[in-house]
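Produce the complete structure using the sequences and hints provided.
Chains as they are written, first to last, in our numbering: chain A, 1 to 93; chain B, 1 to 93.
Quick caveat, the hints were computed from the structure, so don't treat them as lab data.
Incorrect hints may have been included.
Chain A side only, calculated, beta carbon under 8 angstroms to chain B, not exhaustive [claimed, not checked]:
#1 L13
#2 A16
#3 S17
#4 R24
#5 I26
#6 I34
#7 V46
#8 L55
Note that the Cβ used here is the ideal one computed from N, Cα and C, for glycine as well.
These are the residues of each chain, in order.
Number of protein chains: 2
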Amino acid sequence: METELIGGLAATLTTASFLPQAARVIRTNDTAAISLWMYLLFTFGVALWGAYGLLIGSRPVVVANAVTLTLALVILVQKIRHVRAARTKSRPR
Amino acid sequence: METELIGGLAATLTTASFLPQAARVIRTNDTAAISLWMYLLFTFGVALWGAYGLLIGSRPVVVANAVTLTLALVILVQKIRHVRAARTKSRPR
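Below is the structure:
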C-alpha cells in the first residue's frame, strides 16, 4: 500500500511540476534560459512513456504522461517560436 | 521485449533531457525563465521516484532517477542562488 502511495505522489509531483513552468513561460514570454534540446528530448521521452503505459495497460502512467506531454509541448512551442523569431531578426535584409 | 525497449528509451530520453538544461544554466548563468516552483516540485518528485524504485527493487528506476535528481539539483541550486542574489540587490541599504 505504502509503495503505491509513494509512486502516486511521485507521479503527481513530477507531472504537476511542469504547470508552474508552462504558466511562467506564458506569463513572461521569456524562454531564453530554457534549453530547446531539453524540451525536444523530454517531450519525445514523455510520449514514449505514454506509449509504454498503453502497452502495459496502466491508466495512471498514460494519464500522468498525457498531462506532462501537454504542458511540455506548451513550453516547447513557445521556445521554438522564440528561436525562430531570433533567427529572423538576425538574418541580414 | 518491445515494451521494455520503449520503456528503456523513454527513461533514457527523459533522464538525458536534463543534461542540456543543466549545461545551459551553467554556461549562460541565466535562470530567469526557469520556474523555481517547477524544480522544487520536480526534484522532490524525482527523489520519491528513486525511493519507489528502491521499494520495488528496480535498479533501472533507481539509477535513472538518481541521474535526473543530480541534474535537476544543479538547476535548482543555480535558480535559488539567483533568486537570493536578486533579493539581496533589491533590499534597501
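How the hints compare with the structure:
no., hint, in the structure
1, L13, "3 angstroms, holds"
2, A16, "6 angstroms, holds"
3, S17, "4 angstroms, holds"
4, R24, "4 angstroms, holds"
5, I26, "11 angstroms, violated"
6, I34, "5 angstroms, holds"
7, V46, "6 angstroms, holds"
8, L55, "4 angstroms, holds"
Checked against the numbered hints above, the structure violates only hint 5.
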